[in-house]
Amino acid sequence: MNAQMHPQDGYTTADGRNIGPVLMEMRNITLRFGGVKAITDISFDIREGEIRAIIGPNGAGKSSMLNVISGFYVPQDGEVWYKGQKRPPMKPFQVARLGIARTFQNIALFEGMTVLDNVMTGRLNHMKSGLIAQAIWKGRAEAEEVANREVVEKVIDFLEIQAIRKTPVARLPYGLKKRVELARALAAEPSLLLLDEPMAGMNVEEKEDMSRFILDVNDEFGTTICLIEHDMGVVMDLSDRVVVMDYGKKIGDGTPDEVRSNQAVIDAYLGVAHD
Amino acid sequence: MLYREAGDFKTSYVADGQTFPIWFDRMRYYAVLAIAFGVIPFFVNDYYANAVLLPFLIYSIAAIGLNILVGYCGQVSLGTGAFMAVGAYAVYKLMTAFPEVNLFFHVLLAGGITAFVGVMFGLPSLRIKGFYLAVATLAAQFFLVWLFNRVPWFYNYSASGQISAPDRTVFGMLVSGPNAEAWAKYMFCLVFTVGVAFLARNLTRGMQGRQWMAIRDMDIAAEIIGVNPLRAKLMAFAVSSFFIGIAGALFFAVYLGAVEVGEVFGINKSFLVLFMIIIGGLGSIFGSFAGAAFLVLLPVLLKNVLVGGLGWPTDLAAHVEFMIVGLLIIVFLIAEPHGLAQLWRVAKEKLRLWPFPH
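Residue numbers (my numbering), protein chains in the order written: chain Y, 1 to 275; chain U, 1001 to 1358.
The hints are simulated quantities; they were obtained by calculation from the structure and are not laboratory data. Predicted model, so just to flag it, every value in this text is computed and none were measured. Mixed in with the good hints there might be a few duds.
[As the list claims (entries may be wrong)] Straight-line distance between alpha carbons at most 20 Å, and here's what the computed DMTMM-like set of lysine to aspartate or glutamate pairs gives:
1) LYS154(Y) x ASP1016(U)
2) LYS138(Y) x ASP1016(U)
3) LYS1010(U) x GLU150(Y)
4) LYS166(Y) x ASP1217(U)
5) LYS166(Y) x GLU1349(U)
6) LYS1010(U) x GLU142(Y)
7) LYS166(Y) x ASP1008(U)
8) LYS177(Y) x ASP209(Y)
9) LYS1010(U) x GLU144(Y)
10) LYS1010(U) x GLU153(Y)
11) LYS1010(U) x ASP157(Y)
12) LYS177(Y) x ASP1219(U)
13) LYS177(Y) x ASP1217(U)
14) LYS91(Y) x ASP1219(U)
15) LYS177(Y) x GLU208(Y)
16) LYS166(Y) x ASP1016(U)
17) LYS1129(U) x GLU111(Y)
18) LYS166(Y) x ASP1025(U)
19) LYS86(Y) x ASP45(Y)
[To be verified] So, partial list: chain Y residues that the calculated Cβ filter (under 7 Å) puts toward chain U:
20) PRO92
21) PHE93
22) ALA108
23) PHE110
24) THR121
25) LEU124
26) ASN125
27) MET127
28) GLN134
29) TRP137
30) ALA141
31) VAL146
C-beta atoms are modelled at their ideal positions from N, C-alpha and C, and glycine is treated no differently.
So here's chain Y without its partners, still in its complex pose:
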């Protein structure tokens, strides 16, 4: 994929999609746990409408990076810029209100609730009625519930999980749970969607389904996606630009083709003889 770069206004991908300006920018992020440096001085940006991948060997700090973005970790150094503004240190629930949704590497669904309730929970930041209104239910709370249910049903249709709408999540197989988790994140109508290994532990067919959903989400809703994935085939096919990390450092950044031919990346993945 040969991208043509326009630093200020975005660029056009090889398949003709227009990528917008910078949505989120990480500037010189450093994250330490005691003496261990999980992330060292990493900078990269995520542009509106693109699919951005973060790859790297195990322990490279990819998930830590995602946790920095979603507010679980506060970096010791560096700045997070979002929508042109510097983001102060925030709790995860405040980050969610900015329109950043995510899924987890090991599924984090609400097992005791039905699929519908799980996905409805994603609408949290779009529902405003207070405790009293909800307790009385008739009127405002019910109208709001119905309006948001309509949005949720669209997401359910989109991800083809209509048949399991009323099933408790605990009864679902792994692949479907992953899909429900994506549905919950999508229900929030995020401007930035973070996916932590959306295809971990899936067979080829499930991976194909999930890849199609990710592309469709990007295509139809124009959602910006940042994903971590280990399956190189998937990453190279899906993403517009790739960040490569190793031992907490950034060793490559660019289009899949550029990254593939980067010597440092090849060394990190294949290993290199040390003198």
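Knowing the structure of chain Y, use the given hints to seat chain U on it.
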């Protein structure tokens, strides 16, 4: 068969989201309400009101309250007895300070005061979870009971240290004190029980309930979606304590009439209500009713059978009753750890297909 989903199509999200989606269920619910409001008040006598109906209704309120905290929000509490005591003492102080005010408002206000106290003791839940939180609420249990015993202001400096309910009316109807009629007490409690169940059901099916359950099932994921854990947990403590406070106020003012705090609202009460929701079913409004019914009705039933039916001496019957109730609790929990509500749910799922298994 009447009990069928087949053919019972929903054409709007409102119809799909209702509490009793199946027509038969809905009709049965209306029938129960009609009997409770329209038939029972005309036949109730003192024995049934005091032995069965009043404790059942009041414990149901307490169980719903505790279920919101433990079953829906996943915050274990052992302070139920103390929070009921807060409700009881609050209503006592209000009744004696403002005798002319309708008792209905006093009870609501007592619930509000308990909600405030509950939030205070819920603050540690932000830092500690599970058993550790249970121990922290245990502190509330002992501290509050001690407070009501030791500070004479709470019992209006009465010589016995007890509080006793004076005659108070609701819209001209006497509901508290020794001269109140059984049917009036029953109706008063019934209105509160139905109201609490209605509010609790609405809260738990809406976004507030989803936030609570999200915190219960996976707090990290809840936070990433936008649930403010502090707010959600304190809200659970507030709503839960509000209901428990109402239960405590009714327990004292309408049911018992006189209370010695250590005896009535001790740790035993906390455990009793906790057992009710565990046996009835955590995270279920119906389960709260089922659990309250089980632990209120079973001893009465056993006593009637053993003493009245078999002619056993009362003391022997009382001991055997403990053993049977204990045994049944264990059997139930082994057979169905998710409580009576789950048994009911499974039965309904089977019934949907009956008599054709597939």
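Hints versus structure:
no. : hint                   : in the structure
1   : LYS154(Y) x ASP1016(U) : 16 Å, holds
2   : LYS138(Y) x ASP1016(U) : 15 Å, holds
3   : LYS1010(U) x GLU150(Y) : 14 Å, holds
4   : LYS166(Y) x ASP1217(U) : 17 Å, holds
5   : LYS166(Y) x GLU1349(U) : 13 Å, holds
6   : LYS1010(U) x GLU142(Y) : 16 Å, holds
7   : LYS166(Y) x ASP1008(U) : 16 Å, holds
8   : LYS177(Y) x ASP209(Y)  : 13 Å, holds
9   : LYS1010(U) x GLU144(Y) : 19 Å, holds
10  : LYS1010(U) x GLU153(Y) : 15 Å, holds
11  : LYS1010(U) x ASP157(Y) : 18 Å, holds
12  : LYS177(Y) x ASP1219(U) : 18 Å, holds
13  : LYS177(Y) x ASP1217(U) : 15 Å, holds
14  : LYS91(Y) x ASP1219(U)  : 13 Å, holds
15  : LYS177(Y) x GLU208(Y)  : 16 Å, holds
16  : LYS166(Y) x ASP1016(U) : 11 Å, holds
17  : LYS1129(U) x GLU111(Y) : 19 Å, holds
18  : LYS166(Y) x ASP1025(U) : 18 Å, holds
19  : LYS86(Y) x ASP45(Y)    : 13 Å, holds
20  : PRO92                  : 4 Å, holds
21  : PHE93                  : 5 Å, holds
22  : ALA108                 : 4 Å, holds
23  : PHE110                 : 4 Å, holds
24  : THR121                 : 5 Å, holds
25  : LEU124                 : 5 Å, holds
26  : ASN125                 : 5 Å, holds
27  : MET127                 : 5 Å, holds
28  : GLN134                 : 4 Å, holds
29  : TRP137                 : 4 Å, holds
30  : ALA141                 : 6 Å, holds
31  : VAL146                 : 5 Å, holds
When the structure is compared with the earlier hints, no violation turns up for any of them.
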